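Protein chains: 2
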Amino acid sequence: MTGSDIAIIEVGLVDGLQSIEDFVPTAAKMQWISAEVAAGLRHMEVTSFVPAKLLPQFSDAEEVLAHALTLPGLGARVLIPNLKGAQRAVAAGARSLSYAFSVSEAHSHSNVRKSRDAQFADFVGIMEFRRSLEPARRPYVSVGFATSFGCSIQGTVSERDVVDFACRFVEAGADDIALADTVGYATPHQVTRVVRSVRTEIGERLKGIHLHDTRGLGLANAVAALDEGIREIDASLGGLGGCPFAPGATGNIVLEDLVYMVEAMGFRTGVNLESLLELRRWVTGLLAGDPMRGNIVRAGLPKTFKVTS
Amino acid sequence: MTGSDIAIIEVGLVDGLQSIEDFVPTAAKMQWISAEVAAGLRHMEVTSFVPAKLLPQFSDAEEVLAHALTLPGLGARVLIPNLKGAQRAVAAGARSLSYAFSVSEAHSHSNVRKSRDAQFADFVGIMEFRRSLEPARRPYVSVGFATSFGCSIQGTVSERDVVDFACRFVEAGADDIALADTVGYATPHQVTRVVRSVRTEIGERLKGIHLHDTRGLGLANAVAALDEGIREIDASLGGLGGCPFAPGATGNIVLEDLVYMVEAMGFRTGVNLESLLELRRWVTGLLAGDPMRGNIVRAGLPKTFKVTS
Numbered sequence: 001m002t003g004s005d006i007a008i009i010e011v012g013l014v015d016g017l018q019s020i021e022d023f024v025p026t027a028a029k030m031q032w033i034s035a036e037v038a039a040g041l042r043h044m045e046v047t048s049f050v051p052a053k054l055l056p057q058f059s060d061a062e063e064v065l066a067h068a069l070t071l072p073g074l075g076a077r078v079l080i081p082n083l084k085g086a087q088r089a090v091a092a093g094a095r096s097l098s099y100a101f102s103v104s105e106a107h108s109h110s111n112v113r114k115s116r117d118a119q120f121a122d123f124v125g126i127m128e129f130r131r132s133l134e135p136a137r138r139p140y141v142s143v144g145f146a147t148s149f150g151c152s153i154q155g156t157v158s159e160r161d162v163v164d165f166a167c168r169f170v171e172a173g174a175d176d177i178a179l180a181d182t183v184g185y186a187t188p189h190q191v192t193r194v195v196r197s198v199r200t201e202i203g204e205r206l207k208g209i210h211l212h213d214t215r216g217l218g219l220a221n222a223v224a225a226l227d228e229g230i231r232e233i234d235a236s237l238g239g240l241g242g243c244p245f246a247p248g249a250t251g252n253i254v255l256e257d258l259v260y261m262v263e264a265m266g267f268r269t270g271v272n273l274e275s276l277l278e279l280r281r282w283v284t285g286l287l288a289g290d291p292m293r294g295n296i297v298r299a300g301l302p303k304t305f306k307v308t309s
Numbered sequence: 001m002t003g004s005d006i007a008i009i010e011v012g013l014v015d016g017l018q019s020i021e022d023f024v025p026t027a028a029k030m031q032w033i034s035a036e037v038a039a040g041l042r043h044m045e046v047t048s049f050v051p052a053k054l055l056p057q058f059s060d061a062e063e064v065l066a067h068a069l070t071l072p073g074l075g076a077r078v079l080i081p082n083l084k085g086a087q088r089a090v091a092a093g094a095r096s097l098s099y100a101f102s103v104s105e106a107h108s109h110s111n112v113r114k115s116r117d118a119q120f121a122d123f124v125g126i127m128e129f130r131r132s133l134e135p136a137r138r139p140y141v142s143v144g145f146a147t148s149f150g151c152s153i154q155g156t157v158s159e160r161d162v163v164d165f166a167c168r169f170v171e172a173g174a175d176d177i178a179l180a181d182t183v184g185y186a187t188p189h190q191v192t193r194v195v196r197s198v199r200t201e202i203g204e205r206l207k208g209i210h211l212h213d214t215r216g217l218g219l220a221n222a223v224a225a226l227d228e229g230i231r232e233i234d235a236s237l238g239g240l241g242g243c244p245f246a247p248g249a250t251g252n253i254v255l256e257d258l259v260y261m262v263e264a265m266g267f268r269t270g271v272n273l274e275s276l277l278e279l280r281r282w283v284t285g286l287l288a289g290d291p292m293r294g295n296i297v298r299a300g301l302p303k304t305f306k307v308t309s
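If you read the sequences in order, they're chains A and B.
Here the numbering used here is used: position 74 in the first sequence is 74, and no number is missing along the way.
Here the numbering used here is used: position 103 in the second sequence is 103, and no number is missing along the way.
Check the hints yourself; a few may be wrong.
It does not matter which identical chain is meant; a pair holds if it fits inside one copy or across any two.
Claimed, not checked - As a list, the in silico SDA-like pairs of lysine to any residue whose alpha-carbon atoms are at most 20 Å apart:
{"id": "1", "residue 1": "Lys306", "residue 2": "Arg168"}
{"id": "2", "residue 1": "Lys207", "residue 2": "Asp161"}
{"id": "3", "residue 1": "Lys303", "residue 2": "Ser132"}
{"id": "4", "residue 1": "Lys114", "residue 2": "Leu71"}
{"id": "5", "residue 1": "Lys84", "residue 2": "Ile6"}
{"id": "6", "residue 1": "Lys303", "residue 2": "Thr26"}
{"id": "7", "residue 1": "Lys303", "residue 2": "Ser152"}
{"id": "8", "residue 1": "Lys207", "residue 2": "Glu171"}
{"id": "9", "residue 1": "Lys306", "residue 2": "Glu232"}
{"id": "10", "residue 1": "Lys114", "residue 2": "Ile230"}
{"id": "11", "residue 1": "Lys207", "residue 2": "Gly229"}
{"id": "12", "residue 1": "Lys303", "residue 2": "Gln154"}
{"id": "13", "residue 1": "Lys84", "residue 2": "Ser115"}
{"id": "14", "residue 1": "Lys207", "residue 2": "Ile153"}
{"id": "15", "residue 1": "Lys303", "residue 2": "Pro135"}
Hints are computed from structural coordinates only; laboratory data are not their basis.
Keep in mind that this is a model prediction, so the values were computed, not measured.
For reference, chain A alone in the conformation it holds in the complex (with noise of 0.2 Å):
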């Protein structure tokens, strides 16, 4: 049960960012990302390519990008929304992208004002772009699930839903999928089953795990994916995401909290807590109104914890 590396994921940057309105500085988003490197920290997704003018927090994508590509040993990971957005991610010299994917249908007409058909067939159509490249520029392409374990609109998500679109993702060149718990509606006997169905039919390719904590069941669905043998698990700085200022709504699972858990069982991230920390006080200075949420930064470190990295 122990000894296997986790990669953690830190989605604050984009899940977390994008709920706040504030313009918050290139250079403070450069020094996150620089310090949470420093931290040990591995995998970030560390700006958007959303258009500009829908979410002005992202107009610097390029350049964010650009400074994440100069940092040795990270797996800088951008999100894209359409062609448009994996076509100036690549020409910005992005490596790896996440294409988001509702697999509820009332979600994605709200989301994106389309079907899953037609987001499909977005999809598809990234995927042409990557095969018009030249191969060494043929980014890597993950495929993020939302809405994978119900949805607050149209409410229960079938699991045969996920498996099929799982299938006709990996077919259509997805190099891997990871199911997302968007609306914290995930129990954790449910994301061992969904998790099995997905791996009974495309095996590896599902390789991630995305949760919200909207009801406290995080870090124990967590749990269940990791027992299910899934090794990257998205998180935020502080549990930033969701809207900070809307009452009940609730954030990513707490990326601190995550590593905290993960090492206290005996994984391996590569993250020092102390450092991250530190850094989580620093970021929370930078935003405005507080939204950071956590239990480490509030209790403290057990006895019996030793830090690591």
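Keeping the supplied structure of chain A fixed, place chain B upon it in accordance with the hints.
Same frame as chain A, now just chain B:
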């Protein structure tokens, strides 16, 4: 993975109130118990027979217990610190006692100024007292194993000690043992491991688990226990417990969040979540400084969740 019943034991009236200085009126305690039973709770630790001069909050133990004993369907347990407490509890009509034992030698000295062996000798005295009673008056006796997963004073607690003391207590006459993560050090795989080790030696005599949410792992640890077949879980309304006015301290796992989680996983608790949330609001009003926590109260129930009871 579904369908079994789970006994959720409300410990807020002891674990929660013991850290609240202002005396909660006896009538309010009684109303809390009645309302929680009306919401479907069937198991509560209703009071503590600790000396009133040590904890004046429990100076009304006899009255509170007498009220609880009038409520049909309620399994009312009381905490006893020693033989004198057991004698008072039995004289007051208690049918179910919980004796607290610290597996950590350092915690034992700090908490009750006694070695573990002295604590065990006290328990043997309680068992002699029980045998001296007419059979019909002999209470059921559980032993709560504090610091079973680590101790904030001595650090590591030996798993061997947990197993050995479990055997000794069962041989001495304990009806069941519950493992407690008093300081929030447990991790899910550790819960799996310790539960298995203790079960190997005392089988079904290991009944319950008592978890604190200090570092946010309470529900993840509860799932680990459930997956090992544990079906009795302590919790407190709003997570009452610890010392709410001490920064960094956090109480028990949140009862209403636990009910939500296990019901969403397909277990049945008999508890009506809406009634419980209404009661929670009333208890919040009763206690100064709002020492309560929780996720469901903030985020609400998912669209997919059916209130069943």
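Going down the list of hints, with the structure as the test:
| no. | hint | verdict |
| --- | --- | --- |
| 1 | Lys306 x Arg168 | neither (44 Å within a copy, 32 Å between copies) |
| 2 | Lys207 x Asp161 | within (18 Å within a copy, 40 Å between copies) |
| 3 | Lys303 x Ser132 | neither (55 Å within a copy, 44 Å between copies) |
| 4 | Lys114 x Leu71 | neither (37 Å within a copy, 56 Å between copies) |
| 5 | Lys84 x Ile6 | neither (32 Å within a copy, 52 Å between copies) |
| 6 | Lys303 x Thr26 | neither (38 Å within a copy, 39 Å between copies) |
| 7 | Lys303 x Ser152 | between (40 Å within a copy, 6 Å between copies) |
| 8 | Lys207 x Glu171 | within (16 Å within a copy, 49 Å between copies) |
| 9 | Lys306 x Glu232 | neither (22 Å within a copy, 32 Å between copies) |
| 10 | Lys114 x Ile230 | neither (30 Å within a copy, 46 Å between copies) |
| 11 | Lys207 x Gly229 | within (9 Å within a copy, 29 Å between copies) |
| 12 | Lys303 x Gln154 | between (46 Å within a copy, 8 Å between copies) |
| 13 | Lys84 x Ser115 | within (18 Å within a copy, 70 Å between copies) |
| 14 | Lys207 x Ile153 | neither (27 Å within a copy, 40 Å between copies) |
| 15 | Lys303 x Pro135 | neither (51 Å within a copy, 46 Å between copies) |
Consistency with the previously given hints fails for numbers 1, 3, 4, 5, 6, 9, 10, 14, 15, ordered from lowest to highest.
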